[in-house]
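K.L.:
Let chain W serve as the given structure and place chain F on it in line with the hints.
Listed here are the chains, written in short residue letters.
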Amino acid sequence: MNLNGKKVTLHDMSLRDGMHAKRHQISLDEMVNIATGLDEAGMPLIEVTHGDGLGGTSVNYGFPAHSDEEYLGAVIPKMKNARVSALLLPGIGTVDHLKMAKDLGVSTIRVATHCTEADVSEQHIGMAARMEMDTVGFLMMAHMVSPEKILEQARLMVSYGANCIYATDSAGYMLPDDVTARIGLLRAELPANVEVGFHGHHNLGMGIANSLAAIEAGASRVDGSVAGLGAGAGNTPLEVFCAVLDRMGVETGIDLYKIMDVAEDRVFPIMDQPIRVDRDALTLGYAGVYSSFLLFAQRAEKKYGIQARDILVELGRRGTVGGQEDMIEDLALTMAREKGLL
Amino acid sequence: MSKKLKAAIIGPGNIGTDLLMKMQRSEWIEPVWMVGIDPESEGLKRAAEMGIKTCATGVDGLLEHVIADDIRVAFDATSAYVHAENSRKLNELGVIMIDLTPAAIGPYCVPPVNLEAHAKNLEMNVNMVTCGGQATIPMVAAVSRVQPVEYGEIIATVSSRSVGPGTRQNIDEFTRTTAGAVEKVGGARKGKAIIVINPAEPPLIMRDTIHCLTESEPDQAAITESVHAMVKEVQKYVPGYRLVNGPVFDGNRVTCFMEVEGLGDFLPKYAGNLDIMTAAGLRTAEMFAEEVSNGTITLPERG
Chain W
1 MNLNGKKVTL HDMSLRDGMH AKRHQISLDE MVNIATGLDE AGMPLIEVTH GDGLGGTSVN
61 YGFPAHSDEE YLGAVIPKMK NARVSALLLP GIGTVDHLKM AKDLGVSTIR VATHCTEADV
121 SEQHIGMAAR MEMDTVGFLM MAHMVSPEKI LEQARLMVSY GANCIYATDS AGYMLPDDVT
181 ARIGLLRAEL PANVEVGFHG HHNLGMGIAN SLAAIEAGAS RVDGSVAGLG AGAGNTPLEV
241 FCAVLDRMGV ETGIDLYKIM DVAEDRVFPI MDQPIRVDRD ALTLGYAGVY SSFLLFAQRA
301 EKKYGIQARD ILVELGRRGT VGGQEDMIED LALTMAREKG LL
Chain F
1 MSKKLKAAII GPGNIGTDLL MKMQRSEWIE PVWMVGIDPE SEGLKRAAEM GIKTCATGVD
61 GLLEHVIADD IRVAFDATSA YVHAENSRKL NELGVIMIDL TPAAIGPYCV PPVNLEAHAK
121 NLEMNVNMVT CGGQATIPMV AAVSRVQPVE YGEIIATVSS RSVGPGTRQN IDEFTRTTAG
181 AVEKVGGARK GKAIIVINPA EPPLIMRDTI HCLTESEPDQ AAITESVHAM VKEVQKYVPG
241 YRLVNGPVFD GNRVTCFMEV EGLGDFLPKY AGNLDIMTAA GLRTAEMFAE EVSNGTITLP
301 ERG
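From first to last, the protein sequence lines are chains W and F.
For the first sequence, full-length UniProt numbering assigns the number 1 to the initial residue and increments by one for each residue that follows.
For the second sequence, full-length UniProt numbering assigns the number 1 to the initial residue and increments by one for each residue that follows.
So that you can see chain W by itself, here it is in the shape it has in the complex (with noise of 0.2 Å):
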């Protein structure tokens, strides 16, 4: 594979998929202290919500420590290069979180549906687009419907307002075929000014290899985390990342050693449990399992006494997508009952 002289935008996940690793209790010093670090090794995006995105704080989706206002008004005064976008998953957010975000000095919302859903996106597209902010929209779970599908949907985006569309692979499902089908498709039939992004999860180790994939196939804006602090086997581990676009030639713009410094440092000390393929996790990329189901599913797996990889599993089989954290403790509920053990 040569990407050599290619340029991409990186954009680091740790503080907002990282919430799903850290129940969202991320303290806000961690928070400062992470994002100045990645500011200082020359990271020019950074997402910073509660893992749900604008407004996720919820039972469903758990309360975080601070609320989205405090932790975006901690992080952006304290940024010297760096820009920060939010997240906002209509049917969760509002148009009025997005308006909040942007008073507080948001750069890039990404407007995140379902794969299948993105019709419900203009409301907040329309308007992100309008207050001129760079948007994206955000097509999740898109290992469930073809390149095809995926691209109407990108363009209903697009249509919208949109000047940048991802294909997330939310499941850690995708191989690096599905991923160049993908974005193959998506750069070479959108617009040239809209560009291509892909957010890889690491639930069968392939987050270095899809997004190297995605960005042989024309993606000009790679998600990843640093030490690969994100839900499942979390993101793409963007120091590991840095290191392979540096010897691939590919321009990024950031320090290795320092981001190397920053998941060591700072990161790592905060991880409530190691971010790795264990079981679940693995479970999540074979099955296709919505990544922030893992904590959800091992907690169920302690309350009802089913096996986490059982009820995953089962998730995938139903068709469930992002957002449907309700589902589990329901699952768990009646497949306890089923084995006689409520």
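Read the hints as simulated data drawn from the structure, not as lab findings.
Some clues are possibly wrong.
Below, computed lysine-lysine pairings styled on BS3-like, alpha-carbon distance capped at 27 Å [claimed, not checked]:
1. F:Lys184 with W:Lys99
2. F:Lys120 with F:Lys184
3. F:Lys120 with F:Lys6
4. W:Lys102 with W:Lys78
5. F:Lys4 with F:Lys232
6. F:Lys4 with F:Lys236
7. F:Lys190 with W:Lys102
8. W:Lys80 with W:Lys7
9. F:Lys190 with W:Lys99
Quick look at which bits of chain W chain F covers, simulated, 3 or more residues with Cβ under 8 Å [stated by the list, open to error]:
10. 51-65
11. 91-100
12. 106-118
13. 310-321
14. 324-334
Every residue gets a Cβ at the ideal spot worked out from N, C-alpha and C, and that includes glycine.
P.N.:
Showing chain F alone in chain W's frame:
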């Protein structure tokens, strides 16, 4: 035999047609008019085939028939944008308006919780909240009538096929309106609503999760009894309303997991979210008719 109130349905789409089919079985409401804006629309043709008078010139075309046909109740299944005008014109003629749009200019109505109060007050415009609200607010109320609820949160998961373009274009309206009604009707001090759209095939039946955080330790026995009683109340007009799991108690959290299967009149059975709206709207009109028949309220006088 009771005296049926005569009704008009505005909006001959999926909701309007489903409502018409349910109304034809009603002991209290008699469908007379179906109002649309497109003479070629399938919905108006269907209504005509079902023996209903149709009008393709909107509410304005209906107005001259209101008194002659003694129309007493109208169901608005159009959009929030035109509802206020529809309501004003028909209220002037003494027609009670049941609002199935998210306009919410009248008070929220969730039948087993507050319909009786609205009927006794002869509210001339009542709003049916949202599908998610109809499916979940009875459960919030079932907890809050036992003890104070600090926070109520509902998650409605609906099949992609059952969510129309109106809801999709304005999904924020769903979350805002539903959260507001979780507070105002459900009785939670703070409300939150989440909607998830799932495209699985075959389509999934509407499912809803209701989380309540009680101010003090939940009285498990009283809440469990209250929840089961409330489920029975909703089942009177939506037989496919089921408590799948719960109430689950975890500290101060009380959680119910529901499934809502529709009757499959015009809308498929999985679209319990649409069915519970039409069923609740009809139930609301029926309650008004019952109160009139009991002499509890008197309809506006007509010459």
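K.L.:
All hints, please: hold or fail.
P.N.:
Verification of the supplied hints:
Proximity of F:Lys184 to W:Lys99 is assessed by CA-CA distance (about 26 Å); at most 27 Å being required, the pair is judged to hold. For a cut-off of 27 Å, the pair hint linking F:Lys120 to F:Lys184 stands: about 19 Å separates their Cα positions. For the proposed pair F:Lys120 and F:Lys6, the alpha carbon gap of about 19 Å is at most 27 Å, so the pair holds. Among the hinted pairs, W:Lys102 with W:Lys78 is consistent with the structure: their alpha-carbon atoms are about 16 Å apart, no more than 27 Å.
Simply put, F:Lys4 and F:Lys232 have alpha-carbon atoms about 25 Å apart, close enough for the 27 Å limit, and the pair holds. A distance of roughly 19 Å separates the Cα atoms of F:Lys4 and F:Lys236; the hinted pair therefore holds under the 27 Å criterion. Distance hint between F:Lys190 and W:Lys102 is fulfilled; the C-alpha atoms sit about 25 Å from each other, no more than 27 Å. The straight-line distance between the Cα atoms of W:Lys80 and W:Lys7 is roughly 22 Å, inside the 27 Å bound, and the hint therefore holds.
A threshold of 27 Å between alpha carbons decides the hint, and for F:Lys190 with W:Lys99 the separation of about 22 Å falls inside it, so the pair holds. Residues of the segment 51-65 of chain W lying with their CB closer than 8 Å to a CB of chain F number 3, which satisfies the three-residue condition for coverage. With a threshold of 8 Å between beta carbons, the proposed coverage of the segment 91-100 of chain W by chain F holds, since 5 of its residues qualify and at least three are required. Residue count for the segment 106-118 of chain W with a Cβ under 8 Å from a Cβ of chain F: 3. That meets the three needed, and the coverage hint holds.
Counting residues of the segment 310-321 of chain W whose C-beta lies closer than 8 Å to any C-beta of chain F gives 4; at least three are required, and the coverage claim holds. With a cut-off of 8 Å between beta carbons, the segment 324-334 of chain W has 7 residues touching chain F; three or more are needed, and the interface restraint holds.
Hint violations for this structure: none, all hints satisfied.
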